Structure formats: structure tokens, C-alpha cells
Amino acid sequence: MDLKSLLRCCFVLFCGQNFSLGCRWVRYRYKDVSRENLQLLANMGGEFVREKVNIPFPNKVYSNAKHSQMGDSISILYEAIRQIKKLYSKDMKSVTWDSVKLDQFQSNLHRTTSELEQCVREITYSDSTGSHGKENRSLKRHFKKLEHYLKTKDYSANAWEVVRTEVWKHLQRLDLLTTAMRTGTNA
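If you use mature numbering (1 follows the signal peptide of the UniProt record, and there is no 0), the sequence shown corresponds to residues -22 to -1, 1 to 165, in order.
Note that these hints are calculated values from the structure, not bench results. Quick caveat, the model's predicted, so the values are computed rather than measured. Just so you know, even glycine gets a beta-carbon here, dropped at the ideal spot from N, CA and C. Hints should not be assumed to be uniformly reliable.
Said to hold, decoys possible - FRET-style restraints, in silico, Cβ to Cβ:
(1) Tyr6 with Trp146: 22 to 28 Å
(2) Lys71 with Arg160: 37 to 43 Å
(3) Val11 with Met70: 16 to 22 Å
(4) Ala20 with Lys68: 17 to 23 Å
To be verified - Taking lysine to aspartate or glutamate and the DMTMM-like style, the derived pairs with C-alpha atoms no more than 25 Å apart in a straight line are:
(5) Lys63 with Glu25
(6) Lys79 with Asp10
(7) Lys30 with Glu100
(8) Lys44 with Glu100
(9) Lys118 with Asp69
(10) Lys122 with Asp81
(11) Lys64 with Asp76
(12) Lys30 with Asp76
(13) Lys63 with Asp153
(14) Lys122 with Asp132
(15) Lys71 with Glu29
(16) Lys123 with Glu29
(17) Lys79 with Asp69
(18) Lys123 with Glu95
(19) Lys112 with Asp76
Model the full structure from these sequences, guided by the hints.
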């Protein structure tokens, strides 16, 4: 084997190792952070509101992701968390939530997006269907509508409670998605 071939083999092995290390966080740490986020979100405010927002929940995105390639699922997970993080960086002056829990929630979102971004960078989509782009656009549109809802309600405390309830639903679905990824029940 010549030096060039040896270097190629080392490169392939190194990239494969990085992929597994980068995504190991999803397999082994995401569940803990997800549980903490669900608990923080539930406990930072009062009861979840029953008020419905006239924005359809993107159920199809999550059901499609559950049956997607690992790379597509991670891409969707990343996009959803990124959009939640973006929402929770908006004007929150009106909320009366526990500030320590809110800060921890935002910190967890930041860490999760950083970990997932690294994982997404390392994933090649050559074996995937490429559907993640369409699904990610659907997620972006959904969160843009939630952002618009907040804006039209002047970022009121009640509007934030509605959004908190919606985000809770997203986090639950993401938890189910990562469980499917860990157990290998997605494609």
C-alpha cells in the first residue's frame, strides 16, 4: 500500500471516528438534557394554558423524521432546537417565570444547539433521501408563525404561555424522535 492510499484510509477512519463521537452526544446525553428541559419548561411558569393558537402543529415533520435516515433525523432535531432557542431569545420582559429556571433552560438550548451543530457538520447525507430540507423548511415556517404570534400579541405574558405550551409539545416529540434514533427504530 502506498503512502497516498494509507493517508486516505486514515482520513476515512478519522472522519468515521469523528462522526460517531460527534453524534454520541445525541445517543447518550440528549435524553438527560431533554428531560431537564421538559421539567424546567413545566416548572418555570404556571399551568400550561389550554388556549389554542391557530397555528397547526407540524406533526407530519416528526412522523416523517421518525422513519428517516439517522442524518435526516439529527438535522430535524437540530433545526427544531435551533428554532426554539431563537424564540427564547426574543423579548421576554412580560413573563413572570422563575428566572433561574429560564436561564438554565436557555443555557441548555445553547449547549444542545452547539452539540447538534457539530454533529450535523459531520454527517454526510449521501445515503439519505434528502427530505430533511423540506422538513426543516416546514419547521422554520411553523416557528416563524409562533414568532409572529408573539409579536402581534406584543410579547405578552399570556402569549408566552401559549408559546411555552407549544414548545413543550415540540420537546416531547423530539424526545420520542431521539428515542427512536437510539433504539434503531427509525430507518
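Hints broken by the structure, by number, lowest first? 7 and 19
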